[in-house]
Structure formats: structure tokens, C-alpha cells
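*Asks:* Required output: the full structure, derived from the provided sequences and hints.
There are 2 protein chains.
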Amino acid sequence: MHYPNGKKVVNNEKFLSKTNRKQEFSNRGMTLEEDINTANAYYRDTEKAIIHKKPTPIQVVNVHYPKRSAAVITEGYFKQPSTTDYNGIYRGKYIDFEAKETKNKTRFPLANIHAHQIRHMKSVAGHGGICFLILRFSAHEETYYLPAETLFQYWDDQFDGGRKSIRYETIRKEGYFLPFHYLARINYLAVIDKLYFQIGGE
Amino acid sequence: MHYPNGKKVVNNEKFLSKTNRKQEFSNRGMTLEEDINTANAYYRDTEKAIIHKKPTPIQVVNVHYPKRSAAVITEGYFKQPSTTDYNGIYRGKYIDFEAKETKNKTRFPLANIHAHQIRHMKSVAGHGGICFLILRFSAHEETYYLPAETLFQYWDDQFDGGRKSIRYETIRKEGYFLPFHYLARINYLAVIDKLYFQIGGE
Chain F
3 MHYPNGKKVV NNEKFLSKTN RKQEFSNRGM TLEEDINTAN AYYRDTEKAI
53 IHKKPTPIQV VNVHYPKRSA AVITEGYFKQ PSTTDYNGIY RGKYIDFEAK
103 ETKNKTRFPL ANIHAHQIRH MKSVAGHGGI CFLILRFSAH EETYYLPAET
153 LFQYWDDQFD GGRKSIRYET IRKEGYFLPF HYLARINYLA VIDKLYFQIG
203 GE
Chain S
3 MHYPNGKKVV NNEKFLSKTN RKQEFSNRGM TLEEDINTAN AYYRDTEKAI
53 IHKKPTPIQV VNVHYPKRSA AVITEGYFKQ PSTTDYNGIY RGKYIDFEAK
103 ETKNKTRFPL ANIHAHQIRH MKSVAGHGGI CFLILRFSAH EETYYLPAET
153 LFQYWDDQFD GGRKSIRYET IRKEGYFLPF HYLARINYLA VIDKLYFQIG
203 GE
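Heads up: the sequence lines are chains F and S, in that order.
Here the first sequence is numbered in the working numbering, starting from 3 and rising by one per residue.
Here the second sequence is numbered in the working numbering, starting from 3 and rising by one per residue.
Among the hints, erroneous ones may be present.
[Stated by the list, open to error] Distance ranges between label pairs, derived from CB positions:
id: 1; chain 1: S; residue 1: 93; chain 2: F; residue 2: 181; range: 30 to 38 Å
id: 2; chain 1: S; residue 1: 107; chain 2: F; residue 2: 74; range: 29 to 37 Å
id: 3; chain 1: F; residue 1: 106; chain 2: S; residue 2: 111; range: 49 to 57 Å
Bear in mind the hints are in silico, worked out from the structure with no lab data behind them.
Since the structure is predicted, the reported quantities are computational estimates derived from the model, not experimental observations.
Quick reminder that beta carbons are idealized off the backbone N, C-alpha and C, glycines included.
*Replies:* Structure below.
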């Protein structure tokens, strides 16, 4: 039973933007990135894990140095990340993951992930790291933990006549639903506890 | 015996800038960051480890979106990193380190490291990660691996009447000299092998 039980939890109202007030029984109003940052801050504060988002890589082309104030970047470009967005340590193990949000109701298009990210994730898995994807279907207000090994299977299949996406129904079955957690918002370490440390569970 | 044996290795000439050609028997001409990036690329290519430099954190304030070309950041500021610069996985263990270069001949001033970086490193060590500092005395053309635990000791001492720096002689004794390595340039994993995996040695 990896899929949600349909239960919703009251959101912390102060996090809700005006347009989302009416959806106060949902997790809406925060982006997936904000939710994961909240989880990571909670994990650090409670000394459960040390996991950070890597800064967005930027190619700095021009910098202006005004007198008596901070250097200003006047020309820069966003670069494509060569790795995943998040990594760190939990229970002594190396953790590495990517987070993706889709508005698509029926499937997660694999084009959302870059080939070099898959290469990186395969290397990490090969070195004994815990690697996964956090996936949000914003239309369903649902977030899932998808083990990297499952992702690799569908990724590789697309070059062998398979689909260019993973069906929503597949992710419900093969992923792990992440229910709203009051403090962490997205308590993804609970899935790692279950999968790798035989702690907790349903 | 952690200190150098005085042997120098011929540098790869193509890496040397014009002004440094005369120093072709040394490791000069490459910054510490370039050397570590070379080591990390070598480790990834040979599947020894997956270690990356984190991108420099930048606060993006203004972005211009020209038609038919890439978004241009027109105003941005360098932010102070809240963690160390490098992390990854080696032999299944989480690796986390910072690299610093000093022109000082006699000591490494502790002001080169930020309090929040020390906090981060202490957390990492507490969670069972392998944590250290790579330190280059550019005037001596010498690079050392300093275990985080040694760094913490001198860091904490400065608030208890101790020195605001670590002496060069202390680092020669308590750190591990990193000799020039033809492929990796700075083969810091060899020190980790010795300290944590009882592999290799002098």
C-alpha cells in the first residue's frame, strides 16, 4: 500500500498565499522546493540528518565592484546542473536525490530529467548511496518517493521501445506516498527508514 | 612522518600559464580549486569516488528574458556558503571537505574559515561522515590534508585563550602531506584510505 489514504491535514495558514486560502486543507501554496527545504531544516535542527539543496549553478560573466559596497554580478547565465539538487548524510549513509513537480495528471514525462542526472544517480547507486526521486503531481496534490532503481528501469525502457513517461498509476503502485507531515511537511526519511533500516512502516 | 620528502615532480607544461613557465618543476600555476577539480574528475572517470564542488551560491535579484535567447541575470550577489565546498561518496561513506589556500608562510589564520562552516563540519563528523580540510601553503608549494577533528581542536582553542591561527609547523606534524600525483594532482583519497580503511600507507 504505497498510495495515499485520502486524509488531508490542515495547512499552516501563514504559509498560504491569498489565492490559495480556499485550499487550506491541502499542501498547496508551497512549492515542492520550499517543502523539501522545510524538511531539510527540520532534519538539521533535530539532528536527524544533514541534507542541503545545492546552489543553482550560474555562469558569472561580468562583475561590477562598486566602491564601499558588495560586488554586483551584472551578467550571468543559468547553467544546467550536472548532478542532482540535494545531497547529504543520514544514519551514516550518503543520500542523493532530485525533486520534480509536474502539472500532468496522468503521467510523469521523463524529459523532466536530464541524461547526465541519470548517469550521476546510477554512479551514486553503484557506490552504495541511497538515491531517489521526489515527485509531485501538483494537480493531485500528491508527492511520492520513487527509488532510483525504479526510475532507472523506466528511463532505460524508453530507449528500448518503452514509454517516454511513467504513468501516474505506476508511481502510485511502485512509489511511496509522502503524506503531509506537520513539522517536516515532506517526511521522506521515513521511507528511507523503512526501505534501508527496517525501522517503522505501516 | 606526515611531512614532505622534498621531492618535486615535473608539472604538465600545458597547464602552466606564461608567467609560471619557469616554475615547471612545481605544482604552481594551478589554483587549489583547479587541482581538486582535476582530482574529482579523475576519481569519477575511474569510478573511485563521486565528489563534486558545489556551485557558488548567488542571490539572483534581476533576470532579463530576451526573445529567442537565454535568460540573462542582470543583477546578482555572491552569498556566503552555509556549508563546505565539496561533498560526495567514497567507498560507501559520506565525504565532506573545505579547501583553503594561504600565502602566509608561517601559519594558517583561522579567520579563513567561517563559524557556520565549522558548525556544518561538526554536524557531519557527528553523523559519521569523513570530514577534513585541504590546506595549501602557496609560498611553500605544499598541500596538506587536515582531519576535521584536528581543525576543531584549534578552532575551539582560539575562544579559550588560544592562537587565532594554526602554525605551519603544526600542520606539517598533525596534517598529512599531499604529494603531487600525476593523474589526480592531489590524491587526497589516499589519506582517507590510510586513516579510515587501513589501505596503503607509507
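*Asks:* Among the hints numbered above, which are violated by the structure, and what are their numbers in rising order?
*Replies:* Of the numbered hints, all hold.
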